Amino acid sequence: MSAPPTAAGRYVGERVLRKEDTRLLTGRSVFVDDVVVAGMLHAAFVRSQIARGKIKSMDLAAARLLPGVRAVLTAQDLGPYSTQLSTFHMRDVGGPRVRPLSVDYVTYVGDPVAIVIAESRYIAEDAAGLVLVDYEAEQPVVTIDDAKTGAPVHPAWESNVAAVDQTPDNPDFEKIFAGAAHVVTGAIKHQRIAQSTMETRGVLSTPHGENELTIHIGCQSPHAAARCISLTFGMPETHIRVIAKDVGGGFGLKSQPWREEIAAIAASMVLKRPVKWIEDRLEALTSSNAAREQECTVRMAFDGDAKLLGVDVEYAINNGAYPHMPDAGSAVRLFFPGPYRLRNFRFKGHGWHTNTVGLGGYRGPWAMEALARETVLDIAARRIGIDPIEIRRRNLLTAADQPFTTPTGIPMEDVTPLECLDQLLKVFDLGAFRAEQAAARAEGRYLGLGVATYVEPTAAVGIDPLWSDVAQIRIEQSGKVTATLSTHSQGHGTETTMAQIIAERLGVRLEDVSIHQDDSTRGGFGPGAAGSRQAVIGGGAAIKAADILVEKIKRIAAHVLNANPDDVRLEAGLVRVTGTEEVSRTMCEIAQIAYVEPHRLPADMEMGLEAQYRYRPSSYFTHASAAHACIVAIDAETGFVKIKRWICSEDCGVLINPAIVEGQIAGGVAQGIGEILLEEMSFDSSGNPTAVTFKDYMLPTEADVPDFEYIHITTPSKSVGGFRGVGEGGIIISAPTLVNAIKDALTPFNVSWEHIELPLTPSRIIKFMESVAA
Amino acid sequence: MSEHQIQTVINGQNVQARIEARLTLSDFLRVNVGYTGVHVGCEHGVCGACTVIVDGRAVRSCLMLAVQAEGATIITVEGLTPQDGALHPVQRALRDAHGLQCGFCTPGIVMTLAALTAGDERPSAETLINALSGHLCRCTGYQGMRRAVKALAAGELTERDHS
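Protein chains in written order, with the working numbering: chain E, 1 to 774; chain F, 1001 to 1163.
Next up, chain F with everything else stripped away, as it sits in the complex:
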């Protein structure tokens, strides 16, 4: 099994590692770097729980090899929350709308919505709801997530909240 040196920026920190070519990005983030907020639900790219942001785009980290992240900037759910402890607007929207139950699929949903609403992006509720259809949740019937997305699209949660 060939090994490769990679250099990445993960949640603002430089991370260098020597890894096997076959190591998935999800396992690298969880096991090698310790970001266990990356959840692995299916390992075949359907459930979306492992979604992280790679160079600004939402990516299923179970379908990407860690070697492919050479030079990439990666954000996991742990890196979305600022140092001051405030919740990201997406996290706040999901909490306020009771958008989660067991919470296993939640980090992936947070990252997809965070990627789509980053910067000055103001996607429509329809765009965000379409994005939700790429995530599986077995607990909630998607009701709270849909409410959260509508609140996000309506711009109700652009200010960061300190609760």
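Looking at chain E on its own, in the form it has when it is part of the complex:
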């Protein structure tokens, strides 16, 4: 089981063990709730128990009198700190004004209206239970349909439209559909998903000095968190030190501090005391901004050869009351055409406010593009009478088609979904499966094959603040290498992958390189984990910074050893001169010269061995490609879906660590399985959340996830290092792959599949089978 020994000096591409793991396995990790400071107080929130209404009065007296309670604060008590939140985008993105605590009106169950600060969380929760809030309840709007006709969630607004997004008018569009040989329609209703990071949100805010804060927080980037907090409170960013050593999953939820974290920080500043708030699971499943909840209807037009002529999409998404940013599917629109030879595309999207907790990010926020496109392509294949694999072959972009610009303006220059599909079909015997499937059907067993293809936009993904990372590398006098990167890990293993890159570049041992990315004051700004960006951009920055040092080391060695810099090689921790008999210096000796013996340096050279590089890839998009296939067996009695096999064929460019790449894919695919079969954040008609424990909100367990098989194609990208992102593709493509397999299994039942509602629970599957049987 041990990782194979690496060839001398080669680390990129090797399955090296993770540097993070020893501390995580032995309980020496530092998650936010593990941090304790002297005098620390604990927060609990008083939250609205109705989905919508005016606050008539709040009686805080009993809570304030409880022994151990230090304060019960309302929005008014937060004074100047009751301010508008900043967002991940670091600019005004429109939408309703969001403050840490609601003032006189509540808009969802869980809306925080007061924060209790006490000596322990137990006492804080006791006191929160003693606060009496008198509401004048109003009729809430809960669903997208409610939002279209109901009174505005934000009373000052004219309607519940949070955002609108559409493609420009094309007068010829309907003509294309009128003249098409085949027009196929499909609609999907996607449930709401709770990101369900195993570590919930949390913050510990310690005010000190003059207007300074030290903040431990669950985040996806200490820098982004510091900047959001700085913008929210109008404080200099350098006054805010954000530390996040270990974070138990982010998945988009922790991309910015939101109402509760900001309220706890505000309380710490009001009280001038350290305040900790750790979200519990009930809060996480009711009050953490959640994701998805979309409705998508797709019409596709094809010619007689099953070639795509046009795609028409209507899209709606529930933004809840206070979304992280108002959204009408702009990214769904951008990426919907995917890697297909499509020229005519129309999209109309609406985001709707409702009296539910706000919309947040979740891995592959635009994933509906692949789910809707790939499942409707399958409906089309069946309608036209060709295999689902064949319809993809006829429409996917080939190497010869590229460069190609999609109808939404995305350049496709080096995408390889067809190659991924070809490789997949080399290990998967389609003919044998179809024979097995036919034999099984004859015995009343229902096997199905699902295939989907896609490209994942990674790295900058078209969002400006995501475009760069900075690496600062220092070779210390000891010869050890310390690098501070603007990357961040919530499980991504960047302490390992970035060290692999730097160790290989500098020719030192992996164990001599340590990566630091946990402190906003230690390095330069980076947006952290978002958009599957860190391997590409952080990795590129690491290479460029290391190369500056390589040049300098070569010049020093050449000067000291009276050689040509071009003849100097860095390997195995040594600096060697080619062509001479074992003339070498250790990295330690070179570092000594650089730091303390300036007279031995070339005359024009600065002292020290430190380098910094901020890298921005030349491309706005770096695409990864993939084709997945899975086989399911559906029990006709119970409607239970058993996944029998899953093959992931992908191209994420140069692999830094295949085990970590596979881990990213596997985690995403498992989340996709949960999305299609199990998970649902549900509400009753009054807007009460009804899946508020992990007994009701069902995450995939070991028993739900099969062993995955992987095929790696490694087409280098144009970025430095040739890497492509891989963080989100797994979840994006697994959803349609699994839906397509279920549809294939149920072919004998002649289900139309024009309307799908997720999750596809056993009872829904049985309904599909019965509706046709009846």
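By construction, these hints were calculated from the structure, which means they are not laboratory data. This structure is a prediction, so every number in the text was calculated from the model and none was measured. Backbone N, C-alpha and C fix where the C-beta goes; we use that ideal spot for every residue, glycine too. Please note that the accuracy of each hint is not assured.
Stated by the list, open to error - Residues from chain E that face chain F, not an exhaustive set, calculated with beta carbons under 8 Å: (1) Leu24; (2) Leu25; (3) Thr26; (4) Gly27; (5) Tyr122; (6) Asp165; (7) Met198; (8) Lys245; (9) Gly248; (10) Gly249; (11) Glu283; (12) Phe621; (13) Ala670; (14) Glu754.
Given the coordinates of chain E, work out where chain F should sit on it, guided by the hints.
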């Protein structure tokens, strides 16, 4: 709120404390005793992150009150690692198989597998995999854990490793 005196042995150390009856064992271990390797993921006994070994058995410490630990011998993930810094075979198996990502659920999984493989116990891979189904992980899709468990069941990792 009534208070009670308890006496326990935690990671080999005698620990006496006066505690409220309502204090969960997980909070007692984390907050009162300082073993923050006990992770609290759901507080309703589903996720398994808070699993510790109480008198030889894997227990969800969020579902047990600290007062119920009177007289008990408790091991947390911090106590599994011997003084010499070597990894326990379960920890080594998980590391070698890339069985973790964010690592939040990991201590609970380590403790469940450690309890089942303690002493001369040689459970089958199937038994260990069934035990894994009682733990939630949001990062890994359980792939590395399954590989680790198979290696453990095959007896590939009985010797302690010093890396």
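Quick rundown of the hints versus the structure:
With a cut of 8 Å, the hint placing E/Leu24 at the interface with chain F holds, because the nearest CB-to-CB distance is about 3 Å. With a least beta-carbon distance of about 4 Å to chain F, the hint placing E/Leu25 at the interface is held under the 8 Å criterion. With a cut of 8 Å, the hint placing E/Thr26 at the interface with chain F holds, because the nearest CB-to-CB distance is about 5 Å. Contact between E/Gly27 and chain F, as hinted, is supported at the beta carbon level, the nearest pair being about 2 Å apart and thus within 8 Å.
Contact between E/Tyr122 and chain F, as hinted, is supported at the beta carbon level, the nearest pair being about 7 Å apart and thus within 8 Å. A hinted interface residue such as E/Asp165 counts as satisfied when its beta carbon comes closer than 8 Å to some beta carbon of chain F; here the least separation is about 30 Å, so the hint is violated. Interface restraint check: E/Met198 against chain F, minimum CB-CB distance 4 Å, threshold 8 Å, status holds. Because the closest C-beta pair between E/Lys245 and chain F is about 11 Å apart, greater than 8 Å, the hint is violated.
Interface hint status for E/Gly248: upheld, as the beta-carbon distance to the closest one in chain F is roughly 3 Å, under 8 Å. Evaluation of the E/Gly249 hint against chain F yields a held restraint, the C-beta minimum of about 5 Å falling below 8 Å. Look at E/Glu283: its Cβ only gets to about 11 Å from chain F, farther than 8 Å, so that hint breaks. Interface restraint check for E/Phe621: the shortest CB-CB distance to chain F comes to about 26 Å, outside 8 Å, so the restraint is violated.
For E/Ala670, the suggested interface contact is upheld, since its CB lies about 3 Å from the closest CB of chain F, less than 8 Å. Checking E/Glu754 against chain F by beta carbon gives a least distance of about 31 Å; that is not within 8 Å, so the hint is violated.
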